[in-house]
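S.K.: So the protein sequences, as listed, match chains A and B. Going left to right, the first sequence walks through residues 1 to 338 as UniProt numbering numbers them. Going left to right, the second sequence walks through residues 1 to 309 as UniProt numbering numbers them.
Hints in this document: simulated from the structure, not taken from any laboratory. Bear in mind the structure is a predicted one, so any value in this text is a computation, not a measurement. We put the beta carbon where it would ideally sit given N, CA and C, even for glycine. Please note: incorrect hints may appear among the correct ones.
Stated by the list, open to error - Across the chosen pairs, the derived CB separations fall in these ranges:
no., chain 1, residue 1, chain 2, residue 2, range
1, B, Asp209, A, Leu44, 14 to 20 Å
2, B, Pro84, A, Pro122, 27 to 33 Å
3, B, Ser254, A, Arg237, 56 to 62 Å
Stated by the list, open to error - Computed cross-link-like contacts, DSBU-like style, restricted to lysine-lysine with a CA-CA straight-line distance of at most 35 Å:
no., chain 1, residue 1, chain 2, residue 2
4, A, Lys302, B, Lys94
5, A, Lys47, B, Lys136
6, A, Lys302, B, Lys103
Claimed, not checked - To be clear about the criterion: a stretch of chain B counts as covered by chain A if any three or more of its residues have a C-beta under 8 Å from a C-beta of chain A, and this derived list gives those stretches:
no., segment
7, 146 to 158
8, 182 to 190
9, 278 to 290
Given next are the chains, with one letter for each unit.
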Amino acid sequence: MVTSGSVPHADGTQNIPAGAVKAPGVSGDGDRPRQGRRNLLHRLDIKGAPYAFIAPFFIVFAAFGFYPLLYTFWISLHHVELASMNLMEWRGFGNYTELWQDDRFWNALSNTFTIGVLSTVPQLLMALGLAHLLNYRLRGSTFFRVAALTPYATSVGAAALVFTMLFERDFGLINWMLSLVGIDNVDWENNKWAAQSAISVIVIWRWTGYNALLYLAAMQAIPRDRYEAAAIDGASRWQQFTKVTVPGIRSTILFTIVLSTIGATQLFGEPLIFGQGPNGVTGGADNQYQTLGLLLYEEGWKNYQMGRAATVAWAMFLLLILIFALQRVLKRFTSRKS
Amino acid sequence: MTTESLQPRAGARSGTPWDTSTPSRRRFRPSLRLRAGRQHHAGPVAYVLLGLATVFSLFPLYFTVVAASSDNTRVTQTPPPFLPGPNLFDNLGKAWQDAALGKAMMNSLIVASAIALSTVLFATLAGFALAKLRFKGRNIALMLVIGTMMVPPQLGVVPLFMMMTELGWGQQLPAVIFPTLVSAVGVFFMRQYLSEALPDELIEAGRVDGAHSLRIFWSIVLPIARPPMAVLFMITFVHAWNDFFWPFIVLDMSNPTVPVALTQLSAGYVRDQSLIMAGALLGTLPLLAMFIVFGRQIVGGIMQGAVKG
Numbered sequence: 001m002v003t004s005g006s007v008p009h010a011d012g013t014q015n016i017p018a019g020a021v022k023a024p025g026v027s028g029d030g031d032r033p034r035q036g037r038r039n040l041l042h043r044l045d046i047k048g049a050p051y052a053f054i055a056p057f058f059i060v061f062a063a064f065g066f067y068p069l070l071y072t073f074w075i076s077l078h079h080v081e082l083a084s085m086n087l088m089e090w091r092g093f094g095n096y097t098e099l100w101q102d103d104r105f106w107n108a109l110s111n112t113f114t115i116g117v118l119s120t121v122p123q124l125l126m127a128l129g130l131a132h133l134l135n136y137r138l139r140g141s142t143f144f145r146v147a148a149l150t151p152y153a154t155s156v157g158a159a160a161l162v163f164t165m166l167f168e169r170d171f172g173l174i175n176w177m178l179s180l181v182g183i184d185n186v187d188w189e190n191n192k193w194a195a196q197s198a199i200s201v202i203v204i205w206r207w208t209g210y211n212a213l214l215y216l217a218a219m220q221a222i223p224r225d226r227y228e229a230a231a232i233d234g235a236s237r238w239q240q241f242t243k244v245t246v247p248g249i250r251s252t253i254l255f256t257i258v259l260s261t262i263g264a265t266q267l268f269g270e271p272l273i274f275g276q277g278p279n280g281v282t283g284g285a286d287n288q289y290q291t292l293g294l295l296l297y298e299e300g301w302k303n304y305q306m307g308r309a310a311t312v313a314w315a316m317f318l319l320l321i322l323i324f325a326l327q328r329v330l331k332r333f334t335s336r337k338s
Numbered sequence: 001m002t003t004e005s006l007q008p009r010a011g012a013r014s015g016t017p018w019d020t021s022t023p024s025r026r027r028f029r030p031s032l033r034l035r036a037g038r039q040h041h042a043g044p045v046a047y048v049l050l051g052l053a054t055v056f057s058l059f060p061l062y063f064t065v066v067a068a069s070s071d072n073t074r075v076t077q078t079p080p081p082f083l084p085g086p087n088l089f090d091n092l093g094k095a096w097q098d099a100a101l102g103k104a105m106m107n108s109l110i111v112a113s114a115i116a117l118s119t120v121l122f123a124t125l126a127g128f129a130l131a132k133l134r135f136k137g138r139n140i141a142l143m144l145v146i147g148t149m150m151v152p153p154q155l156g157v158v159p160l161f162m163m164m165t166e167l168g169w170g171q172q173l174p175a176v177i178f179p180t181l182v183s184a185v186g187v188f189f190m191r192q193y194l195s196e197a198l199p200d201e202l203i204e205a206g207r208v209d210g211a212h213s214l215r216i217f218w219s220i221v222l223p224i225a226r227p228p229m230a231v232l233f234m235i236t237f238v239h240a241w242n243d244f245f246w247p248f249i250v251l252d253m254s255n256p257t258v259p260v261a262l263t264q265l266s267a268g269y270v271r272d273q274s275l276i277m278a279g280a281l282l283g284t285l286p287l288l289a290m291f292i293v294f295g296r297q298i299v300g301g302i303m304q305g306a307v308k309g
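Only chain A is shown next, with the shape it has when bound in the complex:
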């Protein structure tokens, strides 16, 4: 039922094999055994080729996506150390109970959540506004679009390095500008909320333009007569935006929320580089901006506890499932209300 909406062409292609099977019979002029073999080959081709064409995707995904995901769970039930990965000692759910009682886990979970909200909400709102602006008839619209997308071409590494410098406590540009309005020496690294905001700014910077282009594409697909009808009804520009534009791109908004949520749960590079070196992995001296991604890395490649790292990974996976289940419930709830 999920794909019914996205496979509109299932019926349109129905007559291909019929015509194709007939074809050799019609045009075939060779002797019979040869034709038989040809027919067989042809049938094999028709039946087998589609599977051969989709096979590479599924084989690679099974080997490097699906299998590791399942195996992560298996590893999470064991004590495994980085130096001796062949020695797996059964622990049952020991890693999980340990994680449950570990303050660092709850701290990382809450950091992931707050940074996720701090980065996703403003990002999508700004993207919506930017898309609205880009949807005007503009001079230089290509320039504005490409400029908006440029941060997306910047790697996490480069972006995080620049922003780390802009947010530097003593000589950073942002503190200098803040000092002009009387706010002095914000410690962007050590203060928890300041650090989380700064990291969110990096995420917002990289992804706002990308999301804006998705919204813009959806906005351009809204039929014009809806706006005309709204205008006739006396709707102001703002009302047109909230009553026509936003509902018109609702599905795209949902999609970007899903994408950003996945991205937010996986956040790693930004806080790592923001912490510059030794402080990066722990997410600051007091773990003030350690995300689940960083915790996973710390457990596995700093503390050499692969079993515990796998437990964190599986916890992240469960978290995602939880979020999407919640989202579905919310969706059902809101659609019933309206």
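Guided by the hints, dock chain B onto chain A, whose structure is given.
M.R.: Structure of chain B alone, referenced to chain A:
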């Protein structure tokens, strides 16, 4: 269970027409009908706001250039410098050596090209089959493809790391290349394009002429699919070039990709800010160049396909 959230996206896309009239030079060109939608002229306020947004987007990159062309004392003074200094090429050269960026660039080029090439090839193959060939389980296959988009590959890093160590690929480029040889989003992107842009009659004609499926793929599908393939290539290249988490885990400083090498610059005890920025600039330069040349096409591709690899 999570796939349903993608369904509206497919629906939303169906409203975006693929411009199939000139497949060989397809750019982002909204059709006339769409062009007519919502077309108030932008007022001065809109231009000012857009200008601000552009500054927000470009300033960090500009500041990278400013810092990369200064020396450390100039960067760390207050107020910070706003104009480029004289040391750009010195710093670029030093950063190139300090962070072993030459090797990193080469590695990134190999990794990103290999991943982009194979992603495009396999995505086009699978996209073609899912869009135009009939076979049992097609709907399930498509559903699985969409479902895999929801699984972040990062979650499997622990067993992946073990796997790569066992294969003897630790610190080697294949460890980075193989897990990302395909992309679900790419498959979906090509499927959406081909189901709209590839006429069934063409395939049928090919069948009548006795062409087998691979031949049809080669002679009919590939020529038509070239424009979205180019876009998919570039977008996958950008993602592969910038990919961080997994390369950071599996590679080390003796054989890094660019993003991994950049962490080296900031982790030193004496941090020379201008050198860090010079390294950041070098690592971003290839992609920026690509954006300056093909920005329009990349924007068009993202708008048409919502590609995120």
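S.K.: What hint numbers does the structure not satisfy?
M.R.: none
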